Every structure is written in structure tokens, then in C-alpha cells.
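Chains F and L are the protein sequences, given in the same order.
Numbering-wise (our numbering), the first sequence opens with residue 1 and increments by one.
Numbering-wise (our numbering), the second sequence opens with residue 1001 and increments by one.
For the record, the hints were derived by calculation from the structure and aren't laboratory data.
Here the structure is a predicted model, which means the values were calculated and not measured.
Some clues are possibly wrong.
[Unchecked claim] Here are the simulated DSSO-like cross-link-like pairs (lysine-lysine), alpha carbons at most 30 Å apart as the crow flies:
1. L/K1087 / F/K57
2. F/K57 / F/K107
3. F/K24 / L/K1041
4. F/K38 / F/K57
5. F/K57 / L/K1133
6. L/K1133 / F/K76
7. L/K1133 / L/K1087
[Stated by the list, open to error] Under 7 Å between C-beta atoms, here's a sample of chain L residues computed to sit facing chain F:
8. A1032
9. N1033
10. A1037
11. A1058
12. E1059
13. R1062
14. N1137
15. I1141
16. Y1144
17. Q1152
18. F1159
19. I1166
20. G1170
21. R1173
22. Q1174
Idealized CB from N, CA, C, for every residue including glycine.
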Amino acid sequence: MGGKSGSSNNQMLMFEMQQAAEAKQKEAERQARLEQGKGAIDQLFNSAGFDQAFYDKYKNAELSNAEDQLQTQFDKQATQNRYSLARAGLSRSSAANQVKADLSSQKDFQDIGFRTKADQDVAALRSGIQGQQQAAYNQLFATEDPGVAAESAAGAIKSSAAAQPTLQPLGELFKPLVIGSISAGQNLLDQYTANNPSIGSGSRRAPAVSYTGDNAA
Amino acid sequence: MLMGVIGAIGSIGSAIASSSAQASAMRKQEDANAQWAAYQKRARDEANVREEQLRQQAEAARQNTLGELTPDKQKAAQDTEQQRLQKDITPVNLQGQQPVVGDELLAGLKGAAPEVQQDLTARINSASQDARKRIANLATIQSYGDSQFGLQNRAQDLFNQSGQTIRLAGDERQGNLAALGVAEQVEPAKITTTPSPFGGIASSLASLAGKGLTSGGVQSPFG
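Just need the whole structure built from these sequences, with the hints factored in.
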């Protein structure tokens, strides 16, 4: 009778051991699928597919869009300055040089800002691609483990959307100089110099110029 | 004496009967265990099959999305979207290769010198070239991001589609596992051996036999 009882217990033990072996095997298969899946995702997103040319295309379009507008406004402002200087009789003067230098400086300043912004936007685009990779990981985990909420996959990519550059036409990028006031000051100075030849042209200083200040970039 | 012999025989018989009942109970318990094990195995196998089917559904959806997110496909999608946008946001008067110089622009210039008209045309051409360039740039920028089928929106849509399938399969898988959990709570039937009535009879008969044999031993056969 003892043998019979042992047989019954052995039967139960064998069944439980078989269950444990099956569970172990299933877990091993699951881990292998996870490893394989992660490797495939890494290969997809870390390969040379998303190369520098992919990001440069985006950056160049953004830079071109901004710099074309910058150049257009620069050209218009330069023309405007030329007319204004001519009207003031200052086409060939240190004041004219200052105006031109100032305009060029403003252009460089804006250009640097555009390039910095473009670089940041490319970084955001890279982050967006990495967000896709993370979302792919999350879906892999959710597929292998039904307990993982799949909502996280959608959330991850949405939060890493690429930053969008300003697409609206840029506002006034240059602060025009009030060349009219220069002219008035310059005329007075010229008159004064003419009446006092001892002062000589060497003492002539470029008149102060001022910004309108109202239409800042 | 006779009573003692009868009691002893009855006691032995009762013991045999009781032993037989216990053996029968053990067999029944083994049968019950075997049935339970078979039931558990069947429930587990069925759950495993269902689990694997659902996992494969989720996996197929996941693979499909992943297949659409390869660099080549994303670049191709970006190009396609760029072309669509370029066409879509180009004003009507810029859609031809040559810009249309509207009559209103030439108003008052009908009698102007050809040089003047040519100058106007050249300036308008230049303006339209600038506009086309800006349109191309905007189309490129937008196609990487938030336009209708831009890269970011496209990826989001793909993840949403597979996410829905994965969520549905995940929900069903959890239900499947819960059902298996209930099945696993089922325990094997427990065969309990109640005290055999033969045991009591055997005890009584053994007692009687003892008394009979004892009294028989004291009494002289010779009177």
C-alpha cells in the first residue's frame, strides 16, 4: 500500500516538474525573442540609413529658407540705405561706411542665430528618430509581455516630435538707421567746418547715428 | 471455543474486506489525480495555443510597423510627401514653369518701351524663382515633421496602428491567462476512506474470539 501511495505522489510530482520545465522553456524562448527583436531594432535605427545626408537635407532647407529671407531683407535695406545716404549727400562718407558696417554686422548676427537654431532643430529631429526607436522597443516589450501597457509606445514618439522651425515669413530683421538726422547733423558740421578752415577735415567725426528702435528684429 | 474460532475467522475476513476497500480508494485517488493532471495539461495546452496565436498577431503588427520604419522607406516617404506638399502649396500662378505676368502688372505699361516691359518681366521672374525656392524649402521642412504625411505623423500613425493590435491582443492574452489561472485553481478530487463498517465488525469479532478462546481454555474438556 505504501508503494501505491508513493506512485500517486510521484505522479503529481512529475506533473509539477513537467510544468516547471515547460515554463522554463517558454521563458527561455521569450528572452531569445526579446534579444532578437532588440537586435533588429538596433540594426534598423543605428545603421547608416539615417545618415548625415538625411539630417543635412533638413538643416539646409531650414537654413536656406531663413537665409534667403535674410538676404532679401539685407538687399532691400542696403538699397534703402544707399538712397537715404544719397539723399543726405553722404554716399561717400565715414557715416556711410558706418551704416554699411552696421548693416553687415546685423546680417552676421542674424545669420549666426539662424545657424544655431537650425542645429538645434536637427538635434530635435535626431531625438525624434530616437523616439521612434524607443517606441519600437516599447512595442517589442508589450508584444512579449501582455502586462506591459502598449500606450507607452505611442506616448514616447509623440513627446519626441521634431521641433518645427519658424515657417512664417520672418519679420523685419534689420533696424534701419535714421539717416535723415545724420544728414541734418552732417550738414551743420560741414557748414561749421567750412566756416572754420582751421579745424580741417581731419577733425571731422562721423556723426552719431541712432536706431529707430521701433521695429526690432 | 467454537465462538472463539468463529470470531477469529470473522475478524480475519473483516480485515481482508477493509484492506480491499482501502486499496480501492487508493486506485480511485490515482484515477482522480490522473484525470486532474490530464485536465490541467489540456487547459494549459489550450491556453498556450491561444496565447501563441495572440502573441503572433501582436508580433505581426509590430513587424509590419517596423518594416515601414526602415530608413529607406522613411526617406522615400519623406520625398513623396515633399513632392505632394510642393505641389499643394504652390500658388496657381506659379504652377507653370513661366510665371504669368498679370495684366494688372502691365497696366499702364502697354505703351512702355520694350526694355521697361522686359525689365518688369525679369523682376517678376526673379520673384517667382525666389518664391519657388521658398516653397521647395518649406515643403522639405514640413515633410520631415508635422505635415499630413510628414515623417513624424507617419511614424505616429504606424505606431498607433500596431499599438491598437498589440493592445487588443494583450488584453485578450490577459483574459486567457486569467482563465488559465482559474483552471489551475481546480484541485484533484480527494478520495477519503471513511472508517469501514467491517473494521468495527472485525474488532467485535476479534474481541468475541478472544473471550471465547480464553473461556474455552479455562474450562476442562473433561468436565
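Does F/K107 lie within 30 Å of F/K57 when you go C-alpha to C-alpha? Cα-Cα ~24 Å, so holds.
A closest beta-carbon separation below 7 Å is what the hint needs, so does L/E1059 meet it against chain F? For L/E1059, the interface hint holds, since the closest Cβ of chain F sits about 5 Å away, which is under 7 Å.
Just to be careful, I want the Cα atoms of L/K1133 and L/K1087 compared with a cutoff of 30 Å; is the pair within it? Between L/K1133 and L/K1087 the Cα gap is close to 13 Å, so the pair holds against 30 Å.
Identify whether the interface hint at L/R1062 stands, where standing means a beta carbon of chain F within less than 7 Å of its own. holds, 5 Å
Hint status (Cβ of L/N1137 to nearest Cβ of chain F, threshold 7 Å): This interface hint holds because 4 Å falls under the 7 Å limit.
Would the hint linking L/K1133 and F/K76 be met if the CA-CA limit is 30 Å? Holds, at about 19 Å.
Does L/A1058 pass the interface hint, meaning its C-beta sits closer than 7 Å to a C-beta of chain F? For L/A1058, the interface hint holds, since the closest Cβ of chain F sits about 4 Å away, which is under 7 Å.
With a cut-off of 7 Å, does the beta carbon of L/A1032 approach a beta carbon of chain F closely enough for the hint to hold? violated, 9 Å
Does L/Q1174 meet its interface restraint, that is, does its C-beta lie within less than 7 Å of any C-beta in chain F? holds, 5 Å
Restraint status (C-alpha distance of F/K24 to L/K1041 at most 30 Å): holds, 16 Å
Take the C-alpha atoms of F/K57 and L/K1133, compute the straight-line distance between them, and say whether it is at most 30 Å. holds, 14 Å
Could you check if L/I1166 really has its C-beta closer than 7 Å to a C-beta on chain F? holds, 5 Å
The structure shown violates just one earlier hint, number 8.
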